[in-house]
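Below, each chain spelled out in residue letters.
2 protein chains.
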Amino acid sequence: MDIRHFLAKQSVFINERIKKLIPKGTPEKLFDAMAYSLTAGGKRLRPILVIESAKAVGKESIEEIIDIAVATEFIHTYSLIHDDLPALDNDDLRRGKSTCHKVYSEAIALLAGDGLQSYAYELISQNKKVDPAKLVKVIYLLAHGTGIYGMVGGQAADILHEKENSFDDVQFIHTHKTAKFIQACCQIGAVLADATEKEESALKNYGLYIGLAFQIQDDILDEIGDEKKLGKKTKKDREKNKLTYPSVYGLEKSKEIAEEYVQKAISEIKVLKNPEILIELAKFIINREV
Amino acid sequence: MDIRHFLAKQSVFINERIKKLIPKGTPEKLFDAMAYSLTAGGKRLRPILVIESAKAVGKESIEEIIDIAVATEFIHTYSLIHDDLPALDNDDLRRGKSTCHKVYSEAIALLAGDGLQSYAYELISQNKKVDPAKLVKVIYLLAHGTGIYGMVGGQAADILHEKENSFDDVQFIHTHKTAKFIQACCQIGAVLADATEKEESALKNYGLYIGLAFQIQDDILDEIGDEKKLGKKTKKDREKNKLTYPSVYGLEKSKEIAEEYVQKAISEIKVLKNPEILIELAKFIINREV
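Residue numbers (our numbering), protein chains in the order written: chain P, 1 to 290; chain A, 1001 to 1290.
The hints are simulated quantities; they were obtained by calculation from the structure and are not laboratory data.
Check before you lean on any hint, since a few could be wrong.
Claimed, not checked - When the alpha-carbon atoms are kept at most 27 angstroms apart in a straight line, the in silico DSS-like pairs for lysine-lysine are as follows:
(1) K1128/A to K198/P
(2) K1134/A to K128/P
(3) K128/P to K1137/A
(4) K1129/A to K198/P
(5) K137/P to K1020/A
(6) K128/P to K1129/A
(7) K55/P to K198/P
(8) K134/P to K55/P
(9) K137/P to K1024/A
(10) K19/P to K102/P
(11) K204/P to K1129/A
(12) K1204/A to K1253/A
(13) K1236/A to K1102/A
(14) K97/P to K19/P
(15) K129/P to K1137/A
(16) K1240/A to K1229/A
As the list claims (entries may be wrong) - Covered by chain P, according to a simulated footprint, are these stretches of chain A (three or more residues, beta-carbon under 8 angstroms):
(17) 1019-1026
(18) 1029-1043
(19) 1081-1095
(20) 1135-1144
Beta carbons are placed, not taken as given, at the ideal position from N, Cα and C, and that holds for glycine.
One chain only, chain P, in its complex shape (with noise of 0.2 angstroms):
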């Protein structure tokens, strides 16, 4: 199977329904910056993974949690939006297309970003055809996943990091910012295809080294990416004094690294009913050019 070709479909699935749940109402200029951020583009990976990670073992209708996957992209709009602003990164770029703040003012985005993390509790919490023990669990799934345990944890470290000790702090970094949201996403598709012990902790772990696996690609692209396939600058790592896994390893290592975590993603879900497009997932995360 061509997993890009899969991928583009997938995102252009994901994208109709995102399209669906923008939230309506006043003030408009909220509305908006939600909106404007919603539909930047993205490859919608988090909502992809909790979709395969469900099929993988054996859900088949995904009706019912299709908004559900949607939500962790709310989620992760906000982390952008917020991770733009002046305070913390201060893009002017994402996506090939100006941040939420340049167009709508740093106050509307510190807001949208606010707006779209409730909303997206709001939108699991809607859901009717789930059982609400499940609901419960996806909750704090992502709660856990992307708060001050997992991706804000993450983000206060990657501001924060000490020189000194390197090696910890950028696993620490990476582990906390990007792969506990990723691992949530894949732990949530589980918890929906009401998967036994053993298949839940398979997309666990898969989901941790792809995890990883896609922050060490990120940091790559950040060296050595193509500016207009990327839609913002790189080199910014280096020019913010991050601490990323080729600041610290080299190219080269860092290569070999993601390498090795996409093979232990791999050899987590064999056991699986249907691991395959798991399995070419985690090979792309480290092929991808964007």
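Please build the complex by placing chain A on the supplied structure of chain P, with the hints as guidance.
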């Protein structure tokens, strides 16, 4: 009963629970920033409303719901941290102490706010004693009341307001910025106490009315309050050209409107089993000096 004494006792009780629930972890500065703002004082009105609403419809044991009540204070604290940021109100003092970003930097304050929001949902979804269907409803009410259709929407309207249409705008801002969250707290208490539809509806209306009265009193205190007691500068709204009840209706008329809301709130809950505390609490809302 002496409501001031009762509220003081209850806030000590809530503060003890907050201390137990303050999350610990790495990076230290992020966790310190959250702890700093969580322990910076405050009336703890929202958790008290959750608990007293539950008691008003007959709930006796509150042990299983305290952490959920505290989660509302985590959300409230996140909103204060973000409001104080330079991109929004740019305040240096809150409750007599330096604001979070003044002590920990803008970047860390932004992330501490984000993290407190997600941690509130983590806390609620961790609860093993409350029926999951109820937890899902609580999460929905909280996310809805504090998100884009509630608090966040009101905040955005507050900074975007147009002076031309002030009567409608000040009502929109007060309802969304303040009242919907307070309303959600009362409804959450109802849900957690297995209230009947009628009881829940009474508490929902009560919450809206006291929320509106609360914000009017806030505006009044900003005009005529005691800076020392309030622990912050007064007349900030006027300086910032904010749309407030006193600016639109004048002080006397604003007081009258607040009094009317309190009377409406009280008449809503007379049907409940134990309305006494909530009645006193409604009166306190417009007699408070802080």
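Honestly, which of those hints from before does the structure not fit? No hint contradicted; all consistent.
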